[in-house]
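> Start from the sequences and build out the full structure, keeping to the hints where you can.
The sequence shown begins at 1 in my numbering and counts up by one.
Quick caveat, the hints were computed from the structure, so don't treat them as lab data. Treat the hints with care, as some may be off.
[To be verified] Calculated lysine-lysine pairs in the DSBU-like style (CA-CA distance at most 30 Å, straight line):
1. K51 <-> K36
2. K29 <-> K51
3. K36 <-> K58
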Amino acid sequence: MKSLKQRLKRNEVNIIQVLLFRKSTEWGKYDERLMKATENGDIEKLTATLKKGTSPTKLDPEGHSA
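Written as structure tokens, this is what we have:
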């Protein structure tokens, strides 16, 4: 059985990769919440936000990470 990547044409795979990368680099509300929880030292909010799938190594527009 062919994998999904094998079933898609090459350009379709490239489009999917670009969309996934763009989504992972966009700054969202959970990223902002993670930064605020880190700045405030709020461990409960920090843990809850990380469970939502937020990346602590993502950089904000100013180049800072949580």
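> Hint by hint, note whether the structure agrees.
Against the structure, the hints come out as follows:
| no. | hint | verdict |
| --- | --- | --- |
| 1 | K51 <-> K36 | holds, 16 Å |
| 2 | K29 <-> K51 | holds, 14 Å |
| 3 | K36 <-> K58 | holds, 14 Å |
When each numbered hint is compared with the structure, no violation occurs for any of them.
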